[in-house]
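In the order they appear, the protein sequences are chains L and S.
Start counting the first sequence at 1; every next residue gets the next number (the working numbering).
Start counting the second sequence at 1; every next residue gets the next number (the working numbering).
Be aware that a few hints might be false.
What the hints assert, rightly or not - Computed list of lysine-lysine pairs in BS3-like fashion (alpha-carbon distance at most 25 Å, straight line):
(1) Lys15(S) / Lys123(L)
(2) Lys517(S) / Lys120(S)
(3) Lys15(S) / Lys306(L)
For the record, the hints were derived by calculation from the structure and aren't laboratory data.
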Amino acid sequence: MSLPLHDRALAGSDGSLVRMTLDDLGKPSFGPQIVDSLIPQRALLPDEQFRFHFNMTKCIGCRSCEIACNEQNGNPTDIRWRRIGEIEGGSYPDTQRHYLSMGCNHCLDAECVKGCPVDAYTKDPVTGIVLHSADACIGCQYCVWNCPYSVPQFNPERGVVGKCDMCHGRLTDGLEPACVNACPEAAIEIEVVNMTAWRVDYAAAESPGMPAAGHTISTTRITLPSQSSAQLERVDTGRIRPEHAHLSLVFMTTLMQAVTGALAVTLLSHTASPLFLTLLLGITAVALNISVFHLGRPAYAWRALKMWKRSWLSREVLLFGLFFLTLTTATLIAWAGILPIPALQRLQPLATNSVLQNSLGTLATLLGIAGILASAYIYLVPARPSWNMLHTPIDFLLSALLLGTTLHPVLSSVIEALITHLPLLWQFTTATSQHNSTWPVAIATLLWLTNQITRLVRLHRSPLFEQRASATLLNLPDLRAALIACFGLVAATTVLTIVGNPVLACVAATLGILLARYLFFVSVVPLNMALTFTRGGTH
Amino acid sequence: MWNRLRRALGIDTRKSSYSFQRDPRFGHIASARVADSWVKTTCGYCSVGCGMLIGIKDGKAVAARGNPDHPVNRGKLCPKGLSEHHILDAPGRARLPLLRKDGKLVPVSWDEALDTMIEKFRAVQTQYGKDALGVIGTGQLLTEECYTLGKLVQLGFRTRNNDGNTTLCMASAVAGYKLSFGSDGPPGSYADMQHADVVLLIGANIADNHPILCHRLERDQTRTLIVADPRVTKTAMMADLHLPVKPRSDIALLNGIAHILIRDRLIDQTYIDQHTTGFAEYAAFVATFTPEHVAEVTGLTEAQILRTAHLYGRAKAAFIGWTMGVNHSTQGAATVTAINNLALITGNIGRAGAAPFSITGQCNAMGTRETGFTSSLPGYRKFDNHQDREDLARLWNIDVDTIPTARGLAYPDIIEAAVAGKVKALWFIATNPVVSFPNYSVLEQALRNVDFLVVQDGFHPTPTSDFAHLVLPAAIWGEKEGTYTNSERRISKVNAFVPPPAEARPDFDIFLSIAEKLGVREQLFPGWKTTHDAFQEWQRVSAGRMCDYSNFTWQQIEDQGGVQWGGERLYNDGIFPTPDGKAILHTVPCLPFTEQPNEEYAFILNTGRTVEHWHTRTKTAKVEMLDAMVPNAWLEMNPLDAARLELRPHDRVNVVSRRSAVKNLELRITGIVAPGQVFMPFHFSETNSNLVTLGAFDPISREPNFKQCAVRIEKLPTSLH
């Protein structure tokens, strides 16, 4: 990389471009001087990248870097690509208080890069800077969930995520990043790091108030105070607030689990009918359409398929997409034998092929289950500890079971009601055998509740702060009420089934699981850097 | 509709608002911050006096940068400075003159506003005497405006009851300097912090309050930084040695250091003999401040006191800096003299690195001190000095008898006089006493008691303008041209780069219009059109004085990044502006603070600032980024006390004093504060610390004792969580 600033400064032609360095402070000379530059003065060698160095012993917590960053990047107030945090320890008067300042850590194993379904992230081959393309981004926010430092932030005004790019554009001009430029204490600088050596020993990235560096191998070097006898701790832990509810995902995951479950039940009970399949297909279409509104850029949802080899989010989209196609095919074929539509009638030979019918149904079910598991894998991210538990995939599967077993009789009754009112429809359904399915519902309820309660207990007793904090959030008055209602509704499912009210049972199960999923989203406490007591600005 | 849909679908990502361009001067940056031109100016917040460049595009200020060539800040700014351009188009600016009619503030013309103001003031002054008008100015005005206002009030309205909000912040430093050296004027420079090998900061949390000074105290091997503060401030964390003194024990510490210095012969006897008076008495007095006694009073160990004294005494150059921990006290002026004593007996004054240095508060507190017509006559002249008055009368071409022979009431006394019905009209200029004045209930009585209350401010509504009968909308920083003087006596140029909003006018123009209507314009301000005319007269008035402005033009000030009157430091020759040319050593007893805690009010409340906000937040609350960083106040309490009171982090508490209560504060449990003490920031009108602070004032400087009062802490019922 060329360093025009350096060249110009040495030529002495442009004094005002040269930043203050410690050595020329207070000396009344205005000539250009390059002393202890805060950006590297040489091009990168192979196996090297740029990184931040943050010197905690110099930082006075003035927050100039935060403002400079927002001014540089034109970000709104509530988005901060660089943030300040406080850590504190010891007892008066030997209290220690220090500050953290963090942009992006431009990790060696950046999770944001790996998870992105549209390949919006690149680790710049020249500088190692983790770059994000707003053009490629579809606003799925999976990177927000994946980053252990909560670095990528979703900008609702734009519908895309954004993050610190180490002021790549300034660096290439030979200028230091805005935060480096603004810091009055020269506490932030850009350094060169050898990636192989750093991968072996990244201990200098560790700091109190920062998530463990090993997960993504943060490249930021942090100079800690030497005589830090006191245990420095976060001061923002009392400020944990519920996260975004992602309602479209609450509905999408719940409905997809219901459809898959119901499909499985109908196959097992040999009760598939064109009408039944059509209803399931309808629910699937609704669910998939809802899911699109989770995106900041729904128009580009199709792009999410792109990274199926790497991203669980792509895989989820792919599997649910295939599920939808298979179910559509199965449904069309089922109708083929019945409907007097020429195009469909050509498929009639297939319709009578029960092996094919069953195979398609089984394939769809398997795709649905695979999709549910892919869904669950999205949430198995270390950066979100209360999601990153075996309970998540178990919950998703058990929810499918519970919803499937309660939804199936309801859909069957709907079909019967339709037939009653529109006798013409009788031929579109197979004779449903109304065998009472109490015990599957009861077992599903029991397993589901056991899984949830075990999860709660484990969260509560976890050695991880973020998991305990999730338990604490769930104990907030509003959320606790929701949790009790959720358990009550799910328990009521069995009771209502036993007393023979499958419709109410289904409603109870659906509401209970929607509530559980809502709580799942809002109660997650992401890994993050320690923030300030007023928590970086959230009211 | 189509655009909204495009945005909802994500076809539009507001890309144009988030694009980048290359600014010719500062490189790659958000397009919105690329400027057509850059204007030099000086920051309008604190007294550090940072040089700035403001980027202008299409007539709007779009970017703020530190001026890389400015000797004060070398291109750096604190978060307030970096976002200062946002205050110009912030909501809540005062736009129109407003007059209260039938209980409501309604827009009126400037003519009606000023006619009414003069009519009301005249009526009050005719009925109750000239001094029934009280005027409270500010350290936020330009030097040229301060000078103009002083003449207008004292010689135009002929009231002596003229003071500034500076009495709330550095009056004690002024009084202390006058007592020791015979004149105001901080003797040192910022550069002295770097030249010194020992820097002692007393009651100065510069990391929060003057962050751009901190780089001068970078940790190194050659300098020892000692910070005396009851709280473990950000600045205390920078120190090599933190002295966690008990509140208001600083005088004992200073006297105790003197005791050790004299005992261990670490004093400069030659300097004492040649340049000071009163040493014998002083030495005898501090003899009683034995390390043992001082340790008991301050809560420090004898070893800490001894180490501090020896560090200070053995330093080749020692610097003492202080701010509000010293000034905000009923013994503020006395404490300043105790600091000066240490500098004098060790000869640590008038040399590189050696100074007793008051770090001022507001951007132009110094300008009001120099030109003000409040606690002294312009040019550090004395009311009671006949020659000084004669000088001014000659310069101004007026009768010497029109110049008062004594100062009028100080700010707190004007307020008390208003409560007592002696001051019947008040005029506040660019200050917000409802939040900044101690013991709010008394102030409220004063505001309600007067016949006519004028509030002149850049913002409306403010908590104070809510009480006003007349609101005069004023221009603010960025809309006016003139000079500020910073803590190190550096006069810096302030420039206008945008017009004031709507009908708001520069304070200077308002003053001249009032003078015109009062019929004194030609007499007091002959031929004046702009602040430059005021500057030129001020140059003549200050010529030959200590604060001599006559040797440099506006242009020179701007080109040189500010000019220090008096040079880098004062008193190089050891000659002081006292009758005998010698500085005076005062004996200063250490008295306990007024309102001691007891069983009912068990805590000592300390107040202070946070780096994100300025004063009463009329400006910084309007800068979204700053306000979001620290949107509310909190109360700091030691974990031991919290455990005893069974309080938990983030509990909501009330702070109750004998006077009133601050309600619903968020509790921060932290080892930053000592057991038995609590701390809250004072910026917030919503949780106004001055509801509970004490109306006790320094008998010499009249500065309020904001720092210590007795309170109890009550937990709010959880229902209010």
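To see whether the hints hold, each was checked on the structure:
no. : hint                  : verdict
1   : Lys15(S) / Lys123(L)  : 22 Å, holds
2   : Lys517(S) / Lys120(S) : 13 Å, holds
3   : Lys15(S) / Lys306(L)  : 23 Å, holds
The structure fails none of the hints (numbered hints given earlier).
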